[in-house]
Amino acid sequence: MTTRRHRQGSRTRWAAIAALVLAVLAVVLLLLGFLASRGGLPYWMAHPFDHSETTTGQNGEAVHQQDGKVGLTDSNEKYAPTPAKSYRNAQCSLAPEHQAQPGPDQWEIPALGQSAPLQSAQPTSSGSVALPDAPAGIIYGPAAPLDASTGTTLLAGHVDHGPGDLSRTGGELSPWGHLHELNPCAHVYATGPGGDVHEFVVTDLYTVDQDKLTAETELFDATGKRQLAMVTCSGPTVNDAGGAFQFNYQSNLVVKAAPVHSDDTAEGK
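Numbers 75 to 343, taken from this note's numbering, label the letters of the sequence shown in order.
Hint data in this document are derived by calculation from the structure and do not stem from the laboratory. Be careful, since some hints might not be right.
Unchecked claim - With a Cα cut of at most 35 Å, we get these calculated DSBU-like pairs of lysine-lysine:
no.	residue 1	residue 2
1	K143	K159
2	K286	K143
3	K299	K159
4	K299	K286
5	K286	K159
Input sequences plus hints: build the corresponding full structure.
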């Protein structure tokens with residue numbers, strides 16, 4: 075015959091077992107969340123219910139595309155967008171379209187519905203430049219100013235927002251993170267401190283390895299052909315890419331644009 079004391083003892087044991095199971099489960103979930111926030115889990119484990127599109131990265135890795143964010147590889151590492159198709163020397167009308175009137179120190183691209191603030195920045199003695207947090211970017215000081223008649227005006231900014239900016243883990247695309255979507259002959263509008271609008275037409279869109287960016291000497295030339303250049307990140311993340319702008323991705327996305335004229339065609343480089 076089951077006694078009251080026996081029944082109470084059984085309930086106490088089962089309650090203790092349930093409490094232990096819940097405690098272990100809570101620890102496991104906390105550990106998984108901690109690892110996921112630091113890229114320590116495979117993609118399928120960190121995102122078990124995800125059905126995002128998967129593409130192939132530049133090194134042959136699977137890249138899971140996330141709406142409004144940089145992609146993630148199977149090892150849960152960030153992967154910045156790459157253009158569906160690169161192009162050089164696009165032949166475009168250079169007639170102005172006057173589509174935008176951004177405020178001082180900004181760029182705006184109506185075709186993308188994107189804009190970002192700008193600030194002037196000079197390189198350190200080592201040649202590197204610290205970029206501001208997204209969405210802001212820089213006008214590279216040693217290059218040509220926006221109102222120059224010769225040389226390249228160089229703009230640069232981060233492709234995505236960092237952890238703690240818009241979310242705990244970050245990765246949301248900044249305005250610079252949409253540059254890979256540019257079609258040939260799109261118009262770019264940029265202003266300096268005085269607010270004068272300078273209009274350009276996109277002729278080039280391509281990627282270059284991070285450590286080879288400085289070899290693109292035309293981007294840093296203040297005396298050569300007049301053009302605008304915009305640089306952000308592309309490809310897989312790396313711990314320390316180095317380079318002029320201290321980006322944390324393997325490659326750079328480069329956009330070049332020619333200044334508008336009354337009637338002419340862009341001939342690229």
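* For which of the previously enumerated hints does the structure constitute a violation, in increasing order of number? -> none
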